Structures are given as structure tokens and as C-alpha cells.
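Model the full assembly from the supplied sequences, consistent with the hints where possible.
According to my numbering, the residues represented by the sequence shown are 1 to 174, in order.
Treat the hints as calculated values from the structure; they're not laboratory data. Do not rely on the hints blindly, as some may be mistaken.
25 Å max Cα-Cα, derived DSS-like pairs, lysine-lysine [claimed, not checked]:
1. LYS45 x LYS99
2. LYS67 x LYS96
3. LYS127 x LYS96
4. LYS127 x LYS99
5. LYS127 x LYS98
6. LYS98 x LYS73
7. LYS127 x LYS45
8. LYS45 x LYS73
9. LYS99 x LYS67
10. LYS98 x LYS45
11. LYS45 x LYS67
12. LYS127 x LYS67
13. LYS67 x LYS98
14. LYS99 x LYS133
15. LYS96 x LYS45
16. LYS73 x LYS99
This one's a predicted model, so the numbers in the text were calculated from it and none came from an experiment.
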Amino acid sequence: MTTLRYLQGYPDHLQDQVRALLHAGRLGDHLAARYPERHAVQSDKALYAYTMELKQAYLRNAPGIDKVLYDAKLDVVKKALGLHTAISRVHGGRLKAKKEIRVASVFRQAPAAFLETIVVHELAHLKELDHNKAFYQLCEHMLPDYHQREFDLRVYLTWRDLAPPADAAGQEKE
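See below:
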């Protein structure tokens, strides 16, 4: 039985459905049919603008963001798809905090819905630091289908890791 590391917290019947699609070589096609739209957010500058647009729409009163970028060093294996950080520096006689959002570079080629899900998740951390009920309510406020997208994003990552080369050849895997 294939271990689905991104889906371990989900019920067995869902994992079995994903395994069946994976072993039949249809998981990539299923994801492509469900999320056909690609995004044009390829540069760090475009990612910053995209993130600020979402922030302006849903979190106007949240702290500002100083930097948003794709980060090739974020390791999906360590479950870091995106990071929010606050870097404090002494500037003159004052302490200045810079807020950054980093998105794993695998999302340059991912479907648009998955990039939006990661950005919404990291924006929610501006208001709620922990993954608690209020955090997920905020994510649902910004994306009403957040939980479904998060599950499908985990399925996408599973497909990227486990799809046989023949299945991955027809799809953009990177």
C-alpha cells in the first residue's frame, strides 16, 4: 500500500480514492480537468502584486507586507509550502520589523487555484499566527472552498511525488 504523506490526516476512504486514481495513472488527468487554469504570476514582482491585491481585498487592516517572493529553498518535504516571517532589525535607535511571505517555487507552474490557496494561507497568518479555528475561518472568508482546495493541493503534491513517468510526461510536473 502506497503511503500518501500529504494526506495522512484524511479519512481512509479518501486516501483509497487517491491511490486508485494514482495506480490507474489517472490522477494527473483528474487534477488537470479539475484545475485547468494556469497562472501568469511568474516573477517575484508579479507575486508581490498578486498578494497585495488579495490583501487589499480581504485584509486591509492587517499589518503591511514588505516582501513577497518565490523561494527555491523551501522544501516541500519539510511541509513548508509557504512561510511568513517577521525579521526585526535595529534601525537607528528603533527596532523595525519587516514582514515577508515566501512561496515555494513549485507553485510557479502549479494551477492558479493552488497558488491562490497558498497565498491566502500565508496572508491569514498576518492576523492569526496559529492554525486554530479563527485561522481557518479567516481562510474560508477569503476562499469559501478553502478546505477543498487545500485537500486538492495535497493531492497535487502527492501526484508530483508519486506519479509514474508516463503519467507525468503528459502533464507539467514542475
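Here's how the hints hold up against the structure:
1. Pair hint LYS45 plus LYS99 holds up; C-alpha atoms about 16 Å apart against a cutoff of 25 Å.
2. The suggested pairing of LYS67 with LYS96 holds, with an alpha-carbon distance near 14 Å, which does not exceed 25 Å.
3. Pair hint LYS127 plus LYS96 holds up; C-alpha atoms about 19 Å apart against a cutoff of 25 Å.
4. Between LYS127 and LYS99, the direct Cα distance comes to roughly 12 Å. Compliance with the 25 Å bound is thereby established for this hinted pair.
5. At roughly 15 Å between alpha-carbon atoms, LYS127 and LYS98 fall within 25 Å of each other, so this suggested pair holds.
6. Taking the CA atoms of LYS98 and LYS73, the gap is near 20 Å; set against the 25 Å cutoff, the hint holds.
7. Proximity of LYS127 to LYS45 is assessed by CA-CA distance (about 23 Å); at most 25 Å being required, the pair is judged to hold.
8. The straight-line distance between the Cα atoms of LYS45 and LYS73 is roughly 18 Å, inside the 25 Å bound, and the hint therefore holds.
9. Note on LYS99 and LYS67: the hinted pairing holds, with a Cα-Cα distance of about 7 Å set against a maximum of 25 Å.
10. Distance check on the hinted pair: LYS98 and LYS45 sit about 17 Å apart at the alpha-carbon level, within 25 Å; holds.
11. A distance of roughly 9 Å separates the Cα atoms of LYS45 and LYS67; the hinted pair therefore holds under the 25 Å criterion.
12. This hinted pair checks out: LYS127 and LYS67 have alpha carbons roughly 17 Å apart, not beyond 25 Å.
13. Taking the CA atoms of LYS67 and LYS98, the gap is about 8 Å. The hint holds against a cut of 25 Å.
14. Our distance criterion of 25 Å between C-alpha atoms is met by LYS99 and LYS133, whose separation comes to about 23 Å.
15. Taken as a hint, the LYS96 and LYS45 pair is honoured in the structure, with Cα atoms around 23 Å apart against an allowance of 25 Å.
16. A hinted pair counts as satisfied when its Cα atoms are at most 25 Å apart, and LYS73 with LYS99 qualifies at roughly 18 Å.
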